[in-house]
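Novice: Letter by letter, the chains look like this.
Protein chains: 2
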Amino acid sequence: MKLNLDCIPCFQRQALQAARFVTDDEKLQEEILREVITELVDMDWSKSPPEISHIVHRIVKERTGEDDPYKTVKKQYNDIALELYSRYKKFVEDSSTPLLSSIRLAIAGNVIDFGASSGFNLNDTIKTVLTKDFRIFDYEKLEKSLQRTGELTYLADNTGEIVFDRILLETIIDRYDVKKINFAVKGAPIINDATLEDAVYTGITDLENLDIIKIDVGMNSPGLKRTGAEFLDICANSGTVISKGQGNYEALSEYKTIFFLLMAKCPVIANDLGANIGDIILKG
Amino acid sequence: MKLNLDCIPCFQRQALQAARFVTDDEKLQEEILREVITELVDMDWSKSPPEISHIVHRIVKERTGEDDPYKTVKKQYNDIALELYSRYKKFVEDSSTPLLSSIRLAIAGNVIDFGASSGFNLNDTIKTVLTKDFRIFDYEKLEKSLQRTGELTYLADNTGEIVFDRILLETIIDRYDVKKINFAVKGAPIINDATLEDAVYTGITDLENLDIIKIDVGMNSPGLKRTGAEFLDICANSGTVISKGQGNYEALSEYKTIFFLLMAKCPVIANDLGANIGDIILKG
Numbered sequence: 000m001k002l003n004l005d006c007i008p009c010f011q012r013q014a015l016q017a018a019r020f021v022t023d024d025e026k027l028q029e030e031i032l033r034e035v036i037t038e039l040v041d042m043d044w045s046k047s048p049p050e051i052s053h054i055v056h057r058i059v060k061e062r063t064g065e066d067d068p069y070k071t072v073k074k075q076y077n078d079i080a081l082e083l084y085s086r087y088k089k090f091v092e093d094s095s096t097p098l099l100s101s102i103r104l105a106i107a108g109n110v111i112d113f114g115a116s117s118g119f120n121l122n123d124t125i126k127t128v129l130t131k132d133f134r135i136f137d138y139e140k141l142e143k144s145l146q147r148t149g150e151l152t153y154l155a156d157n158t159g160e161i162v163f164d165r166i167l168l169e170t171i172i173d174r175y176d177v178k179k180i181n182f183a184v185k186g187a188p189i190i191n192d193a194t195l196e197d198a199v200y201t202g203i204t205d206l207e208n209l210d211i212i213k214i215d216v217g218m219n220s221p222g223l224k225r226t227g228a229e230f231l232d233i234c235a236n237s238g239t240v241i242s243k244g245q246g247n248y249e250a251l252s253e254y255k256t257i258f259f260l261l262m263a264k265c266p267v268i269a270n271d272l273g274a275n276i277g278d279i280i281l282k283g
Numbered sequence: 000m001k002l003n004l005d006c007i008p009c010f011q012r013q014a015l016q017a018a019r020f021v022t023d024d025e026k027l028q029e030e031i032l033r034e035v036i037t038e039l040v041d042m043d044w045s046k047s048p049p050e051i052s053h054i055v056h057r058i059v060k061e062r063t064g065e066d067d068p069y070k071t072v073k074k075q076y077n078d079i080a081l082e083l084y085s086r087y088k089k090f091v092e093d094s095s096t097p098l099l100s101s102i103r104l105a106i107a108g109n110v111i112d113f114g115a116s117s118g119f120n121l122n123d124t125i126k127t128v129l130t131k132d133f134r135i136f137d138y139e140k141l142e143k144s145l146q147r148t149g150e151l152t153y154l155a156d157n158t159g160e161i162v163f164d165r166i167l168l169e170t171i172i173d174r175y176d177v178k179k180i181n182f183a184v185k186g187a188p189i190i191n192d193a194t195l196e197d198a199v200y201t202g203i204t205d206l207e208n209l210d211i212i213k214i215d216v217g218m219n220s221p222g223l224k225r226t227g228a229e230f231l232d233i234c235a236n237s238g239t240v241i242s243k244g245q246g247n248y249e250a251l252s253e254y255k256t257i258f259f260l261l262m263a264k265c266p267v268i269a270n271d272l273g274a275n276i277g278d279i280i281l282k283g
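Chains as they are written, first to last, in numbering that gives the first Met the number 0: chain A, 0 to 283; chain B, 0 to 283.
Be careful, since some hints might not be right.
It does not matter which identical chain is used: a pair holds within one copy or between any two.
[As the list claims (entries may be wrong)] With a straight-line Cα cutoff of 35 Å, these simulated DSBU-like cross-link-like pairs (lysine-lysine) come out:
1. Lys143 with Lys131
2. Lys26 with Lys255
3. Lys70 with Lys26
4. Lys1 with Lys74
5. Lys60 with Lys131
6. Lys46 with Lys70
7. Lys264 with Lys179
Quick caveat, the hints were computed from the structure, so don't treat them as lab data.
All chains, full assembly: derive it from the sequences and hints.
Specialist: Structure representation (structure tokens):
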């Protein structure tokens with residue numbers, strides 16, 4: 000996806016939010032915002048949103064000296080979601096449509112996104128998403144793909160959310176003949192995206208036959224580029240590729256064999272999907 | 000109120016929205032956004048939000064050649080609200096607490112604000128606000144003030160919304176001994192704020208003993224400064240002053256004799272009021 004003009008003020012909102020997670024010094028917050036704005040106005044806006052996002056968050060990291068401004072909220076939402084794990088694990092097991100129920104939960108968890116907005120309510124969102132109509136619903140296609148697949152590649156999005164991804168993965172493992180899972184997390188901290196540390200903390204890495212793949216987030220972080228040959232080869236060799244959230248959709252929307260699970264949370268993504276904000280999407 | 004750093008990206012969102020109301024030319028939209036950003040980054044941020052807002056919207060007007068970018072949506076929301084007038088006029092007349100019911104409606108109408116956000120639902124908001132708890136509720140104080148008053152000064156906010164202001168004013172006229180009303184509208188178009196033309200269109204100017212006061216919106220527009228001696232004298236001579244909406248609150252929050260009726264729609268205002276977004280306020 001191309002950058003939309005709406006992304007420009009949104010990057011600044013993100014930078015300000017990230018700065019405030021690290022420092023109460025309003026003078027420093029203002030300096031960071033001014034530096035981000037100066038960088039943005041001098042920049043060619045034909046880059047992709049994730050590329051610009053990395054530049055913006057690099058400024059926050061450099062100016063605050065904090066490599067992971069979202070550290071505290073990331074742990075907080077992992078903990079909140081882990082507390083909900085047993086209840087929703089049982090909910091899925093008791094469900095007459097466990098795959099669909101766990102997909103709904105994984106999408107509800109996608110509301111935990113500090114990139115897209117500043118305010119959300121996880122419990123209210125779960126309640127809504129468990130019964131809400133999908134705006135795009137390629138469920139049968141995903142089900143058929145899982146029936147045939149040997150290998151599943153799963154691109155995670157945010158901390159907290161990955162606890163619900165774990166329930167979905169466990170549901171898939173229990174019901175389909177998946178021999179290997181490639182679970183892709185970010186190679187370094189960016190916004191509240193999940194990294195290897197979060198995958199370990201939330202028990203994802205305890206799943207059988209699961210490999211972690213690190214995704215490059217710029218700034219010489221370790222990992223594979225989402226649109227690089229090496230990662231796309233892994234996707235091509237997987238029977239099923241599931242991508243969570245807006246950022247992965249922005250990077251990969253042109254790849255038609257990927258299943259995108261997300262909640263539309265910003266006008267730019269919603270518009271691209273022909274959806275409204277708050278709509279839930281299973282696009283394959 | 001002082002400008003908050005959150006206002007900086009919000010001004011850009013507003014500029015982009017205003018530009019899009021006038022032109023589909025994405026190149027021109029980008030140029031306008033870049034000019035707004037350049038102006039903002041070079042600016043001293045100790046100005047008040049309305050001051051900066053005027054500068055930002057001047058750029059949109061100059062670059063598009065359209066003096067009133069919100070013209071179409073302003074008429075649209077006046078018409079939508081006028082269609083609801085009879086139903087809610089009757090609702091208030093049938094109510095056991097007509098003053099309170101018309102206050103709630105006037106606050107619900109305050110959701111029609113293109114400055115604060117891009118998306119709102121008027122009908123859903125009315126339904127909610129008619130029963131919602133107030134975050135700040137100085138109702139008795141306002142009632143007592145109206146019982147004693149001879150003259151009422153009323154600062155309007157947005158188009159569409161002023162139809163609900165009309166119901167509130169009619170309710171006050173019918174029940175209290177108000178000899179004169181000063182109804183303050185903006186002296187020139189700014190965002191979707193109500194001007195004289197809207198007061199005429201929605202029948203406000205047909206109310207008895209009502210004078211229109213024009214408020215200066217910068218750029219050599221006609222009208223009195225909200226914090227200038229002449230307008231503050233009018234307020235001081237009125238038994239009751241009612242101010243609608245966020246913009247008037249930003250300009251006048253330090254004046255403790257004014258009753259502020261509004262819905263908190265942005266984090267900056269909400270924070271200043273100790274409220275959450277969506278909260279309804281009657282602060283006196």
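Novice: Hints first: check each against the structure and report whether it holds.
Specialist: The hints, checked one at a time:
For a Cα distance limit of 35 Å, the shortest separation of Lys143 from Lys131 inside one copy, 23 Å, qualifies, whereas the shortest one across copies, 47 Å, does not. In this assembly of identical chains, the alpha carbons of Lys26 and Lys255 lie at most 35 Å apart only when taken from different copies (30 Å versus 46 Å within one copy). For the identical chains of this complex, Lys70 and Lys26 are intra-copy neighbours only, at 22 Å inside a copy versus 39 Å across copies, given an alpha-carbon limit of 35 Å. Taking the shortest Cα distances, Lys1 and Lys74 sit within 35 Å of each other both inside one copy (32 Å) and across copies (34 Å).
For the homomeric pair Lys60 and Lys131, neither the shortest alpha-carbon distance inside one copy (38 Å) nor that between copies (42 Å) is at most 35 Å. Taking identical chains as interchangeable, the C-alpha atoms of Lys46 and Lys70 lie at most 35 Å apart whether they share a chain (27 Å) or sit on different chains (34 Å). In the homo-oligomer, the alpha carbons of Lys264 and Lys179 lie at most 35 Å apart inside one protomer (31 Å), although the nearest pairing across protomers, at 48 Å, exceeds that limit.
Of the numbered hints listed earlier, the single one contradicted by the structure is hint 5.
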